[in-house]
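> Here are the chains, one letter per residue:
Protein chains: 4
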Amino acid sequence: MWLRASCTLDFSIPVATPFLLMLRPRSGAQQWVAREQYVLIPSVPAVEFTDLFGNLCQRLVAPAGPFSVHTSADIDAAESADTAPGAWFVAVENLPEVVLPFLLPSRYCESDRFARLAASITAGYAPGYDQCVAIVAYVRRTLVYSPGSGQQIISAAEANQRSEAVCRDMAHLGIALCRALSIPARLVVGYLEGLQPMDFHAWFEAFVAGRWYTFDPTQRDLLGGRVAIAYGRDAADVAIYTQFGDPVEPPIMRVSVSRLDGAPSW
Amino acid sequence: MWLRASCTLDFSIPVATPFLLMLRPRSGAQQWVAREQYVLIPSVPAVEFTDLFGNLCQRLVAPAGPFSVHTSADIDAAESADTAPGAWFVAVENLPEVVLPFLLPSRYCESDRFARLAASITAGYAPGYDQCVAIVAYVRRTLVYSPGSGQQIISAAEANQRSEAVCRDMAHLGIALCRALSIPARLVVGYLEGLQPMDFHAWFEAFVAGRWYTFDPTQRDLLGGRVAIAYGRDAADVAIYTQFGDPVEPPIMRVSVSRLDGAPSW
Amino acid sequence: MWLRASCTLDFSIPVATPFLLMLRPRSGAQQWVAREQYVLIPSVPAVEFTDLFGNLCQRLVAPAGPFSVHTSADIDAAESADTAPGAWFVAVENLPEVVLPFLLPSRYCESDRFARLAASITAGYAPGYDQCVAIVAYVRRTLVYSPGSGQQIISAAEANQRSEAVCRDMAHLGIALCRALSIPARLVVGYLEGLQPMDFHAWFEAFVAGRWYTFDPTQRDLLGGRVAIAYGRDAADVAIYTQFGDPVEPPIMRVSVSRLDGAPSW
Amino acid sequence: MWLRASCTLDFSIPVATPFLLMLRPRSGAQQWVAREQYVLIPSVPAVEFTDLFGNLCQRLVAPAGPFSVHTSADIDAAESADTAPGAWFVAVENLPEVVLPFLLPSRYCESDRFARLAASITAGYAPGYDQCVAIVAYVRRTLVYSPGSGQQIISAAEANQRSEAVCRDMAHLGIALCRALSIPARLVVGYLEGLQPMDFHAWFEAFVAGRWYTFDPTQRDLLGGRVAIAYGRDAADVAIYTQFGDPVEPPIMRVSVSRLDGAPSW
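Residue numbers (my numbering), protein chains in the order written: chain A, 1 to 266; chain U, 1 to 266; chain R, 1 to 266; chain L, 1 to 266.
Among the hints, a few may not be true.
Said to hold, decoys possible - Here are some chain L residues pointing at chain U (derived, C-beta under 10 Å):
| no. | residue |
| --- | --- |
| 1 | Arg24 |
| 2 | Ala34 |
| 3 | Arg35 |
| 4 | Val39 |
| 5 | Leu40 |
| 6 | Ile41 |
| 7 | Pro45 |
| 8 | Val47 |
| 9 | Glu48 |
| 10 | Ser163 |
| 11 | Gln219 |
| 12 | Ala263 |
| 13 | Ser265 |
| 14 | Trp266 |
The set of hints was computed from the structure by calculation and includes no laboratory data. Small disclaimer: the values here were computed from a predicted structure and weren't measured. Beta carbons: idealized from backbone N, C-alpha and C, even for Gly.
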């Protein structure tokens with residue numbers, strides 16, 4: 001499935017401000033970036049680096065005044081997300097090293113506080129993939145997906161006290177519950193084709209049977225058409241943008257995802 | 001200063017349980033490990049790996065029954081910790097990439113919530129090292145160091161509501177305040193010669209004038225005789241041990257640090 | 001300076017063949033990628049990863065038949081390469097860890113065999129940048145730049161026996177001589193605006209006075225307009241493409257670099 | 001099998017000289033370091049870091065005069081090396097990223113020049129482990145193991161022209177032939193219990209059926225009792241010591257490996 005995923009951030013910057021941006025989807029196992037644009041207006045020097053989790057990050061100092069970031073990518077995304085009912089739990093001692101960071105509690109996923117709840121939710125389910133499915137069902141029972149309801153980032157424990165949540169909160173709760181069962185889980189920030197209302201999206205992946213699988217508690221059916229921008233332990237690792245110094249007003253943000261007819265020609 | 005730093009953890013394991021341990025100090029810029037022991041009783045297979053922050057970690061499955069971990073290291077530690085009054089603030093755009101993870105909020109250091117407090121504490125201080133000194137003074141005014149008072153790990157925001165704290169909490173608060181000023185800060189877990197009562201210790205480092213400097217809010221004078229075991233963003237990254245599965249009782253723990261007469265002979 | 005750098009590789013593949021490609025310039029300290037295309041015809045699944053040196057690499061299996069790789073990037077490149085006459089030599093013990101791999105002998109840069117020659121060439125020059133300048137002058141005296149003269153990759157020691165060389169050989173010789181003086185040096189593969197005849201280009205960077213500086217033994221004047229695609233110890237690390245299995249005919253290759261009027265608009 | 005592996009390097013240093021040492025075996029999947037000593041006489045500041053391949057390396061400046069490095073480790077090593085006749089070849093497109101660097105030609109393993117020979121040696125063997133066995137047999141037919149015969153490091157291509165070789169040369173030739181068949185292969189430097197005459201040893205590992213397997217062309221039977229000190233693409237990556245500046249005489253070197261009665265007690 002060929003998609004064009006774009007976003008524009010329009011900032012109004014009171015005084016020159018350092019930023020970290022995380023807005024460049026990488027080609028990876030699940031997606032191929034065939035075309036991309038990353039335009040800064042006004043054009044300022046920017047430096048790119050790779051963070052601890054392999055995400056491409058951009059550093060720059062936004063000048064005072066209006067400042068816009070436009071990105072767009074034409075990407076070959078998977079038609080559907082793989083599912084694997086019954087896929088087995090990987091014992092902690094057999095997990096590959098690279099997934100271990102996703103087993104520990106993190107800023108917004110206090111998995112150390114979810115042991116009992118996770119056990120109760122998944123009682124009777126086979127260890128592994130089926131536990132994750134039970135967790136997603138619990139998150140969907142507990143929280144009504146309410147896009148736009150959450151400004152401040154809340155943690156999994158806080159989300160679990162509420163009745164409404166944004167995609168990020170639902171993913172955090174799913175992640176914390178998976179980790180409480182010793183299933184590595186990570187947050188994905190990206191685009192989802194057909195999301196209503198269109199915006200950046202967040203879901204999670206869990207590591208079972210030797211690979212990462214996609215879970216999205218906001219959606220009844222696990223849709224394809226996903227473009228991952230960044231992976232992390234939770235929202236603290238994968239902010240679309242981070243600013244330093246005196247607070248800048250949140251930008252006016254426009255996100256769009258549309259289908260392309262096919263592979264880009266040359 | 002040559003030190004022998006040792007610890008013993010005596011566990012009683014109800015059922016075979018996977019563990020991550022972080023108990024092997026590495027030689028580095030500040031310390032040289034001349035002798036080391038790491039003995040598991042009973043002896044079980046263990047695998048070592050390096051985590052995201054460069055710490056040496058050990059993975060093993062502790063068998064049911066009594067299980068002891070003994071480590072000891074003879075180390076050349078610095079006589080005193082470097083200080084640098086007046087050392088300059090490094091603008092975010094000039095920070096080396098490797099320190100950027102220590103600038104963001106993390107599990108127990110919600111630096112995003114400390115902007116106002118950090119500004120108020122450091123008003124009138126030169127940006128950089130002197131701000132860190134003012135932060136340490138604030139932490140010492142706010143929290144009475146009370147070893148043994150803290151079982152559950154609390155966050156910087158929670159610590160800031162209290163009057164007593166353990167070393168880890170005081171370090172977390174210092175870190176959160178530094179990051180709120182865009183000064184990278186990281187938690188160090190290790191040994192401190194002469195600590196009363198003797199135990200593992202935690203302090204923090206802040207990045208100013210191009211390098212890391214040591215700060216320890218629990219101590220009136222910044223003592224030498226430190227042995228770093230692990231570095232991380234906060235306590236979530238540098239647990240001495242992490243166990244998975246059903247909870248195991250905390251171990252009986254013995255820590256000791258003694259001076260050696262000089263460099264080990266062969 | 002805004003440049004559009006493009007290449008097309010047209011392969012004729014006898015039987016499905018695994019490839020590694022290294023054709024995606026990364027934004028970095030010296031260049032900003034504002035637009036990019038990476039089109040495979042026919043479109044096949046490709047996976048991207050980051051190698052030991054931070055280069056973005058693409059893996060795919062080229063299908064039997066005609067197979068084309070087209071890449072194009074609009075990049076803000078430096079107007080001129082920085083120079084620093086007199087910049088000091090960094091003693092080995094003070095070098096940052098990340099540059100150490102570029103101090104050792106490598107596949108095509110047998111720096112262990114160049115100690116005497118390097119000392120003789122640079123006698124009387126101040127340690128550091130000026131030694132590198134003397135080395136470049138030596139390479140230019142010794143080897144006539146003859147684009148297209150070299151099919152098989154030869155080593156620095158082999159190049160030093162010849163009278164003609166391609167850009168890669170000249171860079172290898174420069175690198176080996178720098179390393180023989182304990183100056184870290186690395187190969188850069190990329191584009192150079194105005195190169196005659198237009199092709200991929202190779203030059204080198206040496207680490208003096210705390211940063212990397214550009215040197216290009218093929219050019220009388222050190223021109224700007226450079227787009228780095230990949231960095232490595234020598235040509236073994238930074239092949240534009242590597243194929244596995246039965247040999248495939250080299251592709252028909254077209255490279256172009258043109259100036260753009262200014263920053264891309266949105 | 002519990003082993004004590006020790007070495008002493010006695011240098012006579014004419015003028016203060018920077019060194020890189022690679023003498024600290026790490027605990028890993030195959031071995032557990034229970035006790036260790038690393039003593040420098042005279043004691044000088046040393047800094048430890050992890051190289052691109054995960055090896056622990058030590059940097060120091062050796063002072064003028066006699067300088068000794070003593071290391072000793074008590075290690076739980078495998079009784080025997082795993083073998084896996086018939087284990088399958090992993091297609092290049094399915095190899096994990098971390099093994100890809102071991103697929104390319106390197107300083108002393110010019111695998112790009114061995115395609116025909118590798119194909120001829122392994123004709124009729126099943127792809128994977130059995131090809132590696134055939135390669136080891138070829139190396140043993142071609143080269144007589146002659147410890148002490150090799151001072152200068154020669155490459156696989158050079159070794160293939162000779163009739164006698166040291167362990168390192170035989171490993172290089174094995175590695176180059178494996179890589180020529182698209183089987184990742186890496187050099188291991190370490191200790192081997194019972195080696196005659198006792199010295200540091202080198203062997204290689206090849207990646208088949210999803211993991212690394214040990215091969216040692218110097219030994220008729222694949223013995224256990226191995227302690228790995230360092231892994232790399234070839235000898236250029238894993239020198240026991242590297243010195244910079246004016247050449248220092250090779251050290252007087254003593255290596256010993258002895259069996260211990262059992263696990264170290266506390």
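> Each hint needs a verdict: does it hold in this structure or not?
Verification of the hints:
no.	hint	verdict
1	Arg24	holds, 8 Å
2	Ala34	holds, 6 Å
3	Arg35	holds, 5 Å
4	Val39	holds, 5 Å
5	Leu40	holds, 8 Å
6	Ile41	holds, 7 Å
7	Pro45	holds, 7 Å
8	Val47	holds, 5 Å
9	Glu48	holds, 3 Å
10	Ser163	violated, 40 Å
11	Gln219	violated, 25 Å
12	Ala263	holds, 4 Å
13	Ser265	holds, 7 Å
14	Trp266	holds, 4 Å
The structure fails hints 10 and 11 (numbered hints given earlier, in ascending order).
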